[in-house]
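*Asks:* The chain contents come next:
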Amino acid sequence: MVRALIGQFVFMFGTMGIMSALGASAEAAWFLGAIVGVLGSLLGSGVIADWLKWCIGRETVLVHGAPADMPEWSRYFGPDVNHKVIGIQYGVASLVVLLVGGLLAVIFRLELSAPGLQFLAAEDYNTIYSAHGIIMIAGILLGVGAMLNYLVPIMIGAHDMAFPRLNAFSFWIAVPSATLLIMAMFVGQGWDSGWTGYPPLSTTGGAAGIFGVQLFLLGFYINGFSSIAGAINILVTVATMRAKGMTLWRMPIFVWAGLSTALLQFTVTQTLAVSLMMVMFQRLFGMNFFNPTVTNVVTGTLAEGVPVGNPLLYQHLFWFYSHPAVYVFILPGLGIVSELLPVFSRKPLFGYKPIALASIGIAFVGMLVWAHHMFTSGMNENLRAFFMFTTMMVAVPTGIKFFSWLATMWGGKLELKTPMLFVLGAISVFLIGGLSGPILGTIPTDLALHDTYWVVGHFHATMFGGYIFPFFAAIYYWYPKITGRMYNETLGKIHFYLMVPGFWVMSLGQMRIGLMGMRRRIADYDPMLGVQTTQILVTVAALIIGWSILIMIYNLISSARTEKVAAANPWGSRSPEWQIPAGPIPEFNYDTPFEVVGEPYDYGLPGANYTREIPAAAD
Amino acid sequence: MASVAKHSAPKRAGHVRHIGIAAILTLIAAPLVWLVLNAVYRLPQEGSAQAVRIDQLFQAHFIMISLLFAMIVVPTIYALVVFRRDEFDEEDAEHIHGNNLLEAIWIIVPTIIVLGFGVWGFDILRDITAPQQGEMEIVVKGFQWGWFFDYPEAGVTGSSDLVVPVGTPIKFVLESTGNNKVLHSFWVPEWRVKQDVLPVETPEERRIIRVTPTLLGSTMVRCAEICGTGHHSMRANVYIVPQDSFEAWLAGEMTIEEIVAADNIEPLPLGANQ
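Chain order of the listed sequences is X and R.
Just so we're aligned: 547 in the working numbering is position 547 of the first sequence, and the numbers increase by one with no gaps anywhere.
To convert, count from 1 in the second sequence and add 1000; that's the working numbering.
Simulated from the structure, these hints should not be mistaken for lab results.
The C-beta atom is built at its ideal place from N, Cα and C for all residues, glycine as well.
Chain X regions said to be covered by chain R (calculated; three or more residues, Cβ under 8 angstroms):
#	stretch
1	194-203
2	398-405
3	424-430
4	596-608
Go ahead and model the full structure; you've got the sequences and the hints to work with.
*Replies:* Shown next, in the form of structure tokens:
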């Protein structure tokens, strides 16, 4: 980890020194420096060492376990090929990055607790909210990587991912990407176009001399490599490495969610890369893609002979990825909810097949709704109506999930342990997000709500309900398997009872002020709007959420040493990973391979088994 | 199998009773949710003919939200209270893995409802964007960071206030201008509708938004699309005044301050549902 960062900075500043000596502009120097820095990071961490050796004709073997004469824990700080180690690396990185993004949110929530500019200048506010958006997204993508990496191979009975080296690469390329995104705040006076980076504001329209946006674009771009490589790995692993007898309809439901997620990441990330690259090139080389009128930045006159562009082009390309990206975040989360509910209800998952198909359905419909982010953009009128209908259709597969979850709990024997509480929190918060959605989907009402805090409340509820709460549920649920010890139940419950009501207040409050006329992305608001009391409530709620997460992190760290040793299967789950004996999971997951002989969620059916160990003789 | 047959009759009765109670509670809760929703979530004043149509859709959405909220939350809370595992109960719950009829219902009914909302929304959209008889054109120019308003029919240009006559359909023609032509968005919350202001190559590409103001008073146009440092303060005063005062203002016979005093133009109060 340290070597990766040193590599990045040494290469970056080295290149920048050369560039400056050659007389390049600060922006160009930073840009090339950042690219070379990413390479430096990869060389520094050593994750591409094997591939480089292959290039010069040397053969290498896949080394498992810690490097010679290094302790076991050192694996977690360097490139390692084991999917569980990589999963943990993703998870910890995710929490760190989410904390950074959350801290930014707290800063501007404090600023917004009163009208007028308190302690932030408008430029700084813009940089911070922009960075909050993209850093949270980077953190969520890391968390998605954590869940998919750790859980998918172990759930399907594979010994590892299909391409272990590529898997390590996916994580280690995300590290310099996250570094760049965080750095973008401090370089070139930050940026002000939000995580969406709409041109012309992100190209020629920003204040003179500000170019933090360039590092943001590049960091976001680099992150795409991580997504695509990770998705390929998941797709191939699920397609080829399932245990004997595990047909598609007998996979744990989370694997279906992972499959849908990977399909999306694999197919749409490219258009984001294209749109980001176009903005970068427009800034650097003056290629005009998005400006209908081209002003020469130096002379202020209309540039001659430059072809005109169209700002809506960017929005289409950008949302073609960035809307499905939302489903990349929530599908694994919804998968966690479906995975955990049967265990804590002691009942089969209600409607396994419809839920699995709903995940695929959400992924598919999700690719056809991107322009609902553009209802006020001035796009073609007929297209606008088409996207209203596709958007409304998302409600159907989402509804299937809600009703199925309810039917799973109905008549069950519910046990409210911390993971189950977070699952319930997720359902409640995702419900808020879901119910506030259709009103944005019908164009006439969206014309009133677009770019207001209603939207802010809506997507925070979908992100928290669809990702953050399930992620926390997953952390508590698999914590005993990962660390071998239980977490502290009391602290877990305190975390829950602070965070979930806090979140309700926050997102419902955001929607209220949005309806009253509070616009998004504003550093200051008009006291005339009458939103101040609610603003204070929202800020207090945000602080409570922040503190509760710190409680969780304390719990996770301290319980690993002090809490009681966990049983092999403390939740009584039928899933294969819980059939592994207590203690550390073997390097290749299953010392004795298993075959699938039944349905995954047959709780309450006497004598029904999901998996059976294959006796050694049968091999 | 024998044990299943033995227990099935009382179990079925239990199912019916639980579902019945939850259904009744849901029906009681839905109107209460709706009342709370309307008390907490207040739209600004309904200040245009377009807002009237849009608010009908808002109301329908609110009813739907209340109903769905009650349908999910009430049975969930009921389940949390009633269907709890006893501490030493090691047995699983009943083995129910699905129901095709229920699945069909909760696929088909929501599909019909959302398509209905879509059709209705499309109808309203067509209404509020259709050209009106006797439209007046106002050119809106958004720049970093402020607004100018031109009245081409009267030859008035560069007004920093937006003054409009009540009751007249207006066609706003939107254009981004200034040294840095970036995106802005034209929005008066009382009028509901919103449209991004784009930089354009030719005048024909300028985007259009139609509003027929119906309430006298003053409010503000606020930029709703991030446009740089001054985005938060990109505002302009809006005065909705009587027709004759408007004509006097256009002709330069009255200043806006005089009209505000003479016609008693006051800021529009908050909240349509108060």
